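Visitor: Each chain is listed here by its residues.
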Amino acid sequence: GEDVEQSLFLSVREGDSSVINCTYTDSSSTYLYWYKQEPGAGLQLLTYIFSNMDMKQDQRLTVLLNKKDKHLSLRIADTQTGDSAIYFCAETLGYNKLIFGAGTRLAVHP
Amino acid sequence: DAGVIQSPRHEVTEMGQEVTLRCKPISGHNSLFWYRQTMMRGLELLIYFNNNVPIDDSGMPEDRFSAKMPNASFSTLKIQPSEPRDSAVYFCASSEADLYGYTFGSGTRLTVV
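As they're listed, the protein sequences go chains A and Z. Here the working numbering is used: the first residue of the first sequence is 1, the next is one more, and so on. Here the working numbering is used: the first residue of the second sequence is 111, the next is one more, and so on.
If you are wondering where the hints come from, they were derived from the structure by calculation, not from laboratory data. What you are looking at is a predicted structure, and each value in this text was computed from that prediction instead of being measured. Each hint should be verified, as a subset may be incorrect.
[Claimed, not checked] No more than 27 Å apart at the CA atoms, straight line, and that leaves these computed lysine-lysine pairs for DSSO-like:
#1 K188/Z / K178/Z
#2 K56/A / K68/A
#3 K68/A / K188/Z
#4 K67/A / K97/A
#5 K134/Z / K68/A
#6 K36/A / K56/A
#7 K97/A / K188/Z
#8 K70/A / K97/A
#9 K68/A / K36/A
#10 K134/Z / K188/Z
#11 K56/A / K67/A
#12 K134/Z / K97/A
Take these sequences, add in the hints, and give me the full structure.
Guide: Right, here's the structure in full:
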């Protein structure tokens, strides 16, 4: 099927690291994406990883890809209150068609 | 570039009325996507266009929904007649190529009463 699965909620303390996990279905996906959605806004592309990479780091963000297990994770270092949002994992299916997970709601508390 | 522009931002309509949502993609992007977001179903792809041609409309819920893209800079999603279960946030997104992912608009929040 076309299910991208994510846990629905994550709560972390400010300053700690957050890890959001995702499993996808299509082993032929060329790119995998993380999007962020803040309240009342559209989805914003956060980062992406090419399928032949295991890891990608971009400032406080680290993406890990395990192709064998079809597992993708997003680590946010030094999580801040401004990171509170819904995070969506997405895989490419066919030509330029993105399938999104249900989203993980990240709550950052003092 | 102003990004993907959707209008209206909010729409409240009565059941049975026709609703038209509008989208202006980013100039130069050749793919356009319509998504619907609800708490129950999350983000659902309704239809997407490539070079103004509908490629996959398998996500369109039923015949009450229709989408057009008469040119590269404009698309509409129409619901006729609308029903309360159509209440959702409708997003339009555009992309240039697979590499860059999508750029989303701010969405239209539709409420059908």
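Visitor: Each hint should be assessed against the structure and marked as holding or not.
Guide: Against the structure, the hints:
1. Distance restraint check for K188/Z and K178/Z: the Cα-Cα separation of roughly 8 Å lies within the 27 Å cut-off, and the hinted pair is therefore satisfied.
2. A distance of roughly 17 Å separates the Cα atoms of K56/A and K68/A; the hinted pair therefore holds under the 27 Å criterion.
3. Proposed proximity of K68/A and K188/Z is contradicted: the alpha carbons are some 42 Å apart, above 27 Å.
4. The hinted pair formed by K67/A and K97/A meets the criterion: a straight-line CA distance of about 19 Å does not exceed 27 Å.
5. Between K134/Z and K68/A the alpha-carbon distance is near 39 Å, which puts this suggested pair outside the 27 Å criterion.
6. At roughly 17 Å between alpha-carbon atoms, K36/A and K56/A fall within 27 Å of each other, so this suggested pair holds.
7. Distance restraint check for K97/A and K188/Z: the Cα-Cα separation of roughly 22 Å lies within the 27 Å cut-off, and the hinted pair is therefore satisfied.
8. Of the supplied pair hints, the one linking K70/A and K97/A holds, its CA atoms being roughly 18 Å apart against a limit of 27 Å.
9. Distance hint between K68/A and K36/A is fulfilled; the C-alpha atoms sit about 26 Å from each other, no more than 27 Å.
10. Between K134/Z and K188/Z, the direct Cα distance comes to roughly 15 Å. Compliance with the 27 Å bound is thereby established for this hinted pair.
11. The straight-line distance between the Cα atoms of K56/A and K67/A is roughly 14 Å, inside the 27 Å bound, and the hint therefore holds.
12. For a cut-off of 27 Å, the pair hint linking K134/Z to K97/A stands: about 19 Å separates their Cα positions.
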